[in-house]
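**Student:** Next come the chains, spelled out residue by residue.
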Amino acid sequence: MRKCTSYLVTLMLGNLMALAAMAQNVTISGNVRNSLTQENTAAVSVTIKGSDLGTFTDDKGNFSITAKSLPVTLIFTSVGYEPQEVAVSSSSAKIDVAFVPSNALGQEVVVSASRVPERILESPVSIERVSAANIRNAPSATFYDVVTTLKGVDVTTSSLTFKTPTTRGFGGSGNVRFNQLVDGMDNQAPGLNFSVGAIVGLNELDIDNIELLSGASSALYGSGGMNGTMLMTSKNPFKYQGFSFIVKEGIMHTDGSERPTALFNNWALRWGKKVSEKFAFKISSELLQAKDWIGMDYRNYNRSAGVLKPGNRQTDPNYDGVNVFGDETTGDIRPVLYGVAAAAPFLAPYISTLTANPINVSRTGYTEKEIVDPNTINYKIGASFNYKITPGTEAVLAGYWGTGNTIYTGASRYSFKDFKMGQYRFELLNKDWMFRVYTTQENAGQAYNIAATTQNFNEAWKPSPGSTGWFAQYGQAYLSNKLNGLSDIDAHNAARAVADIGRPKVGSDQFKSLYNTVRRIPVPKGGALLDRSDLYSAEGNYNLSRYTSSFADVIVGGNIKKYVLNSQGTLFADTAGTISIKEGGVFVQATKAVTEALKLTASARYDKNENFKGRFTPRVTAVYKVAPNNNIRLSYQTAYRFPSTQMQWINLDLLSYKLIGGNQAFKQIYHFDTNPAYDRDSLKSGKQVKQSFGELKPESLTSFELGYRGLQLNDKLLIDIYGYYGQYTDFLARRVVVQNKRGNAITPGDADTGQIYSIPINATAKVKTYGFGLGLDYKLPSNFVVGLNAASDNLTDVPTNFIASFNSPKYKLNSYIGNTGFGKSKRYGFNVAYRFQDAFYFQGDLASGQLPAVQTLDAQISYKLPSSKSILKLGANNLLNQYYYNAVGNSYVGGLYYVSFGYNLY
Amino acid sequence: MISIKKSLKSAGLLLVGTAGFLAACNKAPEEILGPAPITPSGLSIGATLTATASDSLFNRMVIKSGMQATLSNTALGYTLFVPDNAAVIASFGGTLAAANAFIASQSAANLAGIVKYNMIAQYLPTAKIVHPFPNMQMPTDIILDPTNPFIRLTSFPSKSGAAGATFYYNNAPLTATDAVVANGIIHHTAFVVAPSLKTLKAEIAAVSNLSYFRAAIARADSGSVGLGRLDSLLNYAVTNMTILAPNDAAFQTLIFGLAFRSYLNTRPMPYTATDTAVATATGNGAVAAGPAFLSTNNVTTAQIKGIMAYHFLAKDVSTNPAVPAFQPVYRAFSVNFPATPIFVQTLVNSSFAPHPGIRVSATYTGPLVSALTFGSYGSPTPAAPFTYTANTVSMDRLAINGVFHIIDKVLLPQ
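Read top to bottom, the protein sequences are chains F and C.
Take 0 as the starting number for the first sequence in numbering that gives the first Met the number 0 and just add one per residue.
Take 0 as the starting number for the second sequence in numbering that gives the first Met the number 0 and just add one per residue.
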C-alpha cells in the first residue's frame, strides 16, 4: 500500500512540473449572453480548442482567457445551451457570444457512473442527475427534497431537516446501505452512522449537481454502496463567481393540528470570487429555523413482539405509544399484590382471582410533542480555497461545518440538540488524476435518546421499584379500587392517577429542571450520547489512458480510512478509550470501445477492513448504441459493506434490552462463552436454541441490470427504463437473544426476565431483490415539459421471522409538469409535482407497522428579474396539507408554504 | 399566447381535480381497534332487584340501606348474594309480616351491614368458586378499618356439600346462580347471610352454656402472654378460625368422669359398691364446683391447654415441609365438611406435628347439614381412636374472626 502511494505521488509531481512549464502570452476577453433573453450568462465554460486551457464566464457573463498565440478557436459550452465555437484571430476586440438556449433532453453529462465524464444517455448504469437549474425550478423548499422526485428513490423523513434517501429498498432513517458523498467525502457521521447531507454540507446556492446511482456501486465507491450512492458536487469558485443569496420565508402547521402555525425561515448566501487566474475562493452559509414536524403516532406498540396492538392509555394499562416516551418502562404488579396477600392473608383468595396472568402496567409517558424542543435550527457554513498550481492542476482546501437541532429515528427517537459535524478536505485535481485527504469530525453535542431520557426522568421523579415506588403505589391503589367495585380498567386508571400524584407537569419549572438534568446524564442512567467520533480518509486515482488508450482506458486508484470511535462508553464499548478501525481498498477500471456501438467497462475492487476478511468486488458493464441517442445498457455489479461502526462496536443499554455490536470483544464483555445466549423467539416457543457469537462477515450483493435510455419522437421524448435483480449474501441483520441474568442454566422464564440483547448476525438465507423503473420526459411546445416516472422494488425469499427491513413501497410514482420560462418575456416559470407511494409494511428499530399509501402535491410559480438574475418564487410542499409519514414513529409532515427571493442565481 | 392560456387553463382544471382527488387521501395512523369492549347492557343489579318481584324484600333492605345507587352504578362491578323473599321470610320471623316488621325495625346502617356483607367487588361466577378445603375467603364491602381499605369483613363462598358440588355463601346454599346483569352477577341464597360484628371471644361470651369452655380457655392461658394466649386469638379480629366449643354439659361429663376415675384410681380392685358410690359422689361434687373446677389443681394447665388446643382447627402454613407450622387460619362452616369423614389438624399439631387430628364428617339433609360428628383420638375410657365422638349442638355460629360449632363432648387429643 505504501509503495502504491509513493508511485502515485511521484506521478502527480511529474505532471505538476510538466504543466508548470507552460507559457502564456495572449489575452482574449468577451461576454456571453442568452440569445433569447439577452441575460448575461454565467458559468459558461470557455476553452481553447486543442488545449487544456479554459476558463468560465463570471456572474456578469464576462470572461478572459490567455492563449499562447492566435488564431485560436474558443469553445463555449454550458448545460442548457447549444455548444458554440468562435474563431478568434485578434485579441484587440471583445468577443460577444449570443448563446443559444437548448432545452434538449438527455444532454446532461455525468461523472459518477464511470468516474469519467460521459453523456447521461451513454451511462452504463442507472443514474439520475439533478442540476442547479433543476433545483431552482423545483417546488421543493429545500434542495434535498428534490431527490424525492427522482426515479426509484424513497426518502425517509425523520424530521424537517433529517431525510434519508435510498434506492432499491432498505429505507430507514439511518440507512447504511446507501452512500452519500459531498465533494467526494463520505457524509456519514462516523459514530452515529447516518448521513447528514441536509444538515452538514452544501447549501442550495452552492450545489452544482447531484448525481444518484441506483443500486450497487461498491466497485466504484467502496464499502456501503449496496443500494446506491448519491454524490453532491459543489460549485467551483473559478466557474461560479459573484455574490448570491436566497431568502425563503414560509409557514408551517397551518391547520394547527400539531402546533400553532409557525414560520419557516431559510436564508442562504454564497460568495465566489476568482481573485486571479490562479486563485479563487468561495464561502457559503445557510440558516434554517422552523418549528419541526412532530411524531404523533400514538398507536399502542407491543415492544416485545414488535407489532402494533389495540388500545390506548385509557384502555390498556400497559400502553406503550409509538411517539410516547417513558411508557417503555413496564412491570408486573402481581408481586405488589402478592405482598399485600402475604401481609393480609384474608385477601389472598381475592387477589388470586385477579392474578391468573401477569398484570403488566407501564409508567405514564409523555408525548414527543410535550418533551422535544420544537425549534429546529440548522446553521451551516462552508468555505473553499482553490489554487491552480498549473492550468490543469488545482489544489483545493475546503471545509463544511454545520450545527443545529434535529430529530432522528433509530432504536428510539433521538433529539440531536446542538449537533455539530465538520468535514475538511484537501485535494489535488487534475484531469488525469486526483488525490484527496479529508476528515469528518463529529460531535453529538447535547444529543439524547428521548425514550431513555424520559424513562430515567420518570425514575428520577419517582423510582419504579421499592415498597414506596411507583409500581407499589399503583398496585396497592389498583387493589383498593378493585375492592371498591371498580371495573378492571377503571381500577387501573384510578390507580395510575394515584401513582402519578405529583408527576411533573409539562412546562413547569420542576419538569424543565429535572428533564434537562436527566438528558445531560449519559445513558443508561440518563439519556445523553457523548459521541465524538472521527473519520480520516485518503484516496486517489490515476487515469492511465494516455498510456493505455491503444488497449483500453484504464483508471487505477485506492483509498484508506480510519475511524476513531469516541463515545466515552455512551454509545460504543469504549469506556477504556477510543476504538480505532482501519480499512482500505484499491481498484482498477478498464473501458474499451469494442466497436463504434459497443463500449465495455470492467472494474474490480479489493477492500480490507482490519476486523474482516478482504472483499473482492468486480463490475462489468456494457453500453450498446442501437441508434444515435439510444443506448441499451447491461451491467453485472457487486457490492458489499463492512458492518458499520455501530454494528461492530455499539454497546447501548436501552433499559429494556442492550443493543450490542458483533465484535468478538463482546463475547468476553458479556461472558457469552460461559453464560451463553439463546434465541428469544425460540425460547418463547419452548425451544432452547443457543446463539453462537460467531465472526461477522461483510454483507455482499450481486446485481444484474438491463436498461435502455434514449430519445424518441424527434428527440422530444426521453425514455429511461431498467430492470434489475439482486441477491444478497451474508445479509446483515439483528437477532434478539436472551441470557440468564445470574449465569444459571437458561429457563423458559428467561425469555421475559433474562438479559435481552440485540446482536448483529449474518443471515444464512440469500435474500433476493428485483424491480424496475421507468422514466418518461416529454418536451411540449413553448418550453413546457411533462414527465412521469414509476418504479417498483420487491424483496423475495425472505425466511420466516426474518426482519429484513426492506421498507420500500412496491410501487411509487412521480409526475410533473413545468416550464422554466413562459409569458411575454419568458419570465414566468412553474412546476407542479405529484408523488404517490404505495402502502407497505415498515420494519424499524423503533417500531414496525403498516404504512398507508402517501400522495403529495408540490407546486411553485416563479418570476424572473433578469437584470439582477433574481427569482421570486411562491411555492408549496404538500400543497393540500395532507399529513403523511413514511416510517412508523417518524414525524407527520404537513404543508409548507413559502415565498422566496433569490439574487444572482445561476 | 392563446395556447399557453389554454395550457394553463387545462393545468388549472387538472390541479383542481387533483386537489379534490387528493383531499383526505393521506391517512393519519388510526388506533388499532381490538375486540369491542363489553359495554354494560340491560339492567343493573339495583334495577334488577327492583324489577324482580320475588326479591322485593331484599330490595327494600337495599333501598333503605342506601346501597341502591352503588348497585345501580354500571361503572362498578359486584357479585351480590340475594336472599329471595322466601329466604328473607324464613330468616326473619317466618311470615311476610314479620319479615317486613323486622326490616322496618332495622336502622339503615344495620341493613347496609347485611347488604354489604353480601357484596363482593368482583365478578364471581360460580365457575370461579374453586378452592381447597374449606372455602375461599373473599372481602365484602364492609371496611373494618376506615384508614385501611384492605381491612374488610370477609365472607366464604364455596363449592362444597355432600357431593362437593353445591355452591354456598358461608353456610347458605345458593338456590339460583350466575344471573349476569349489567354491572355484575347475582346469586340467590337460601337464607339471609348476615355478618357478625363481634369477635369469637365476644360471641362465645354471649352463649350461656359455654361457661366451662371459657373457664378452660382461661386456665389454658394461665402463664401465657400476648397472642400466645388462646383468649387473645379469640379476640383478635383479623384471625380466621374454626373453633369447636364443647358446651357446659360436655365439660360436666368430662369433669365427672375425671373425678370419678380419679377417686377409683385410689381404690384397690375390684371396686366395691361403696367405692362406686363414693366415686359418683366425688364426680357430682366436682361437677357441682362448676367451671371453677377447671381453675384448680384438679387438672393441670398442660392438660387443659392440650385439650383446648385440640378444639382449634389448624393447618400447616409453612412453606418448608420439614418445619411445619400449624395455625388456626381457616373458617369451616358445617357445609364445608364432607359426608365422608376426613381428618383435620388442630393446634395440637403445632406441638406434635404427626398427630392425626380429628375425624370429622357431616350429615346432610338436602344441601344443609343436620349434624357434624367429630371423632376424638383420645377418650375418657380406653377405646379405639376416633370411636369417641362428639356431635354438634349448634353449628355455624359466626363471628368476625371465625366460626364456632358447639359440641356435646370434650374431644381428647390422647
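Calculated from the structure, these hints are not laboratory results.
This one's a predicted model, so the numbers in the text were calculated from it and none came from an experiment.
Even for Gly, the Cβ is constructed at its ideal location relative to N, Cα and C.
One or more of the hints may lead you astray.
[What the hints assert, rightly or not] Derived pair list, reagent style SDA-like, types lysine to any residue, alpha-carbon separation capped at 25 Å:
hint : chain 1 : residue 1 : chain 2 : residue 2
1    : C       : Lys314    : F       : Ile350
2    : C       : Lys127    : F       : Gly338
3    : C       : Lys115    : F       : Ser351
4    : F       : Lys624    : F       : Phe703
5    : F       : Lys504    : F       : Pro521
6    : C       : Lys314    : F       : Pro344
7    : C       : Lys127    : F       : Ser351
8    : C       : Lys127    : F       : Tyr777
9    : C       : Lys314    : F       : Thr352
10   : F       : Lys430    : F       : Val110
11   : C       : Lys314    : F       : Lys591
[To be verified] Selected chain F positions facing chain C (in silico; Cβ < 10 Å):
hint : residue
12   : Asn317
13   : Val321
14   : Gln440
15   : Ser479
16   : Asn483
17   : Asp487
18   : Gly742
19   : Ile745
20   : Leu879
21   : Tyr883
[Unchecked claim] Cβ pair distances, simulated, as ranges:
hint : chain 1 : residue 1 : chain 2 : residue 2 : range
22   : C       : Leu196    : F       : Asn311    : 41 to 47 Å
23   : C       : Thr318    : F       : Thr516    : 41 to 47 Å
24   : F       : Ala347    : C       : Thr299    : 51 to 57 Å
25   : C       : Thr299    : F       : Ala342    : 33 to 39 Å
**Student:** Restraint: serine 479(F) near chain C, CB-CB cut 10 Å. Satisfied or not?
**Tutor:** Holds. Min distance 5 Å.
**Student:** Hint says 51 to 57 Å; check whether the CB-CB distance for alanine 347(F) and threonine 299(C) agrees.
**Tutor:** violated (38 Å)
**Student:** Just to be careful: measuring from the Cβ of tyrosine 883(F) to every Cβ in chain C, is the smallest value less than 10 Å?
**Tutor:** holds (4 Å)
**Student:** Please work out if lysine 314(C) and proline 344(F) have their alpha carbons no farther apart than 25 Å.
**Tutor:** Roughly 14 Å separates the two Cα atoms, so the pair holds.
**Student:** Between the alpha carbons of lysine 127(C) and serine 351(F), is the straight-line distance 25 Å or under?
**Tutor:** holds (11 Å)
**Student:** Is lysine 127(C) close enough to glycine 338(F), meaning Cα to Cα at most 25 Å?
**Tutor:** Roughly 22 Å separates the two Cα atoms, so the pair holds.
**Student:** Should the hint that isoleucine 745(F) touches chain C count as held when the rule is a Cβ pair under 10 Å?
**Tutor:** violated (26 Å)
**Student:** Going by Cβ atoms only, is valine 321(F) closer than 10 Å to chain C?
**Tutor:** holds (8 Å)
**Student:** Given a cut of 10 Å on the nearest C-beta pair, is the interface hint for aspartate 487(F) held or broken against chain C?
**Tutor:** holds (8 Å)
**Student:** Checking one constraint from the list: CA of lysine 314(C) to CA of isoleucine 350(F), max 25 Å. Satisfied?
**Tutor:** The given pair, whose Cα atoms are some 21 Å apart, holds under the 25 Å limit.
**Student:** Next item in the hint list is glycine 742(F). Is there a CB on chain C closer than 10 Å to its CB?
**Tutor:** violated (26 Å)
**Student:** Return the status of the interface hint for asparagine 483(F): holds when the least beta-carbon distance to chain C is below 10 Å, violated otherwise.
**Tutor:** Result: holds, 6 Å to nearest chain C Cβ.
Hint compliance for this structure: hints 8, 11, 12, 14, 18, 19 and 24 are not met, and every other hint is.
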